[in-house]
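Participant: Listed below, chain by chain, are the residues.
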Amino acid sequence: MATFSGFILAVGFLGLAHAGYSAAQHRTYLRLTEQEFTRLPIDIVCQGLVSLLITIYGVLNIAGQFRGIKAMADMEKKSFDTVGNRPSFFMFRHRGQAMFGLNPTGNKNVETLEPAT
Amino acid sequence: MAAAISWEDARDQLKKWREESARRSAETLELGEFVLTNHRGLGDEVWAVHEQVCIAALDVGDIAEASSAIDALKAQFPQSKRVKRLQGMKLEAQGRFDDAKLVYEELLKEDSSNAMIRKRLVAIFKAQDRIPDAIKELMKYLESFMADHEAWLELSELYIQEQHYSKAAFCLEELIMSNPHNHLFHQKYAEIRYTQGGTESMEIARKYFAQAVKLNSNNIRALYGLFLAATHLASSQKGTAKSKKDNIRYAAWASQQLQHRYRLAERKESEPQVQHLEKMIDSLQITAS
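The listed protein sequences derive, respectively, from chains G and R.
Numbered by this note's numbering, the letters in the first sequence go through residues 1 to 117 in order.
Numbered by this note's numbering, the letters in the second sequence go through residues 1001 to 1289 in order.
Worth flagging that the hints you see were computed from the coordinates, not collected in a lab.
Hints may contain errors.
If the Cβ cut is set under 10 Å, some of the chain G residues that face chain R in the computed set are [said to hold, decoys possible]: (1) 27; (2) 47; (3) 82; (4) 83; (5) 90; (6) 97; (7) 98; (8) 100.
Pairs of lysine to aspartate or glutamate, EDC-like flavour, derived with a Cα cap of 16 Å [said to hold, decoys possible]: (9) R:1016 <-> R:1071; (10) R:1016 <-> G:74; (11) G:77 <-> R:1019; (12) R:1081 <-> R:1065; (13) R:1081 <-> R:1110; (14) R:1136 <-> R:1110; (15) R:1238 <-> R:1200; (16) R:1084 <-> R:1110; (17) R:1214 <-> G:76; (18) R:1074 <-> R:1044; (19) G:78 <-> R:1019; (20) R:1242 <-> R:1203; (21) R:1084 <-> R:1129; (22) G:77 <-> R:1020; (23) G:78 <-> R:1020; (24) R:1136 <-> R:1157; (25) R:1016 <-> G:43.
Glycine included, C-beta positions come from ideal geometry on N, C-alpha and C.
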């Protein structure tokens, strides 16, 4: 599939390049025959459009599968443990003081804090 | 812990905790003291770290550390209301609620629209166990600041403490309306409805658990909720045969999803947990019927 869409893409690009070259060629021809430029011949315009569509198709196929856009991708990893925290409403009358603060040994280290036996 | 990690890691960790407002005060204090030993490296971030350390210190009751943080901030910002708020919070942590209140009221006289200070008044009521007063104060606050998510969440929590579940559910409805993609609000709303009980609430709970799972398929808590709510509905007396059949299907799906998640997690761990989970799900079914 990948090689096929690669081929499609190559065809599209070649078509586009050829359309561009033809347009340049047409302008040169007009200048040589001293005619006024009005518009590009219809076949060059058609070739450009068709090649563009082919290129789009090829790019879409070669770029791989689309992925869904998630509205709240950053919320995915969060849990209520942190989202449920309301720092403006913290109050300090809780076991924290008994566990860490007013302890006479004054040991603030978390790791050495063993549960009382 | 502080000795084992580098200074940069400690700084980043503190920043992460500050941004997601994690309440890991003992660790924050320890890391903060370590980070502040090299305060030149922090640049302007140093003041944010001081504030973070101050609140963490108050949380663990380390008044001395909090005071030194406040002094450092006060030297830099002598007129700041945010620093004065910290001083008020220190009074709160010392249990001097009336003094703290005086500080806050003084600040509110200058600027009555200071949201941070008005929230502290609610916190004082909460600390004094005057939940109805806290609710009243918070409702007054919400009349002027209706878009404040944190405050709505707080109000719902206060209502839950008072067991006014329908009012708590209303607060969560507000949050869901302003934040429809947040799976956690759906989950919380479903939990409140589940707690309320009754067939109607239970059905709403099931739907919102399902929505939470839809928004984030890794939300294990919502999967458990979906399973429990569906099981409850399937085994209740009321309800048509069709709804019961549907609910059995939902419960089966949820338990299957749970097993799948545990199996995925099991690959990373050595201990087999799926067996325990299967047993537990069986036991949950028995108690529910």
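Participant: Of the hints given before, which are not true for this structure?
Facilitator: 1, 2, 9, 12, 14, 21, 25
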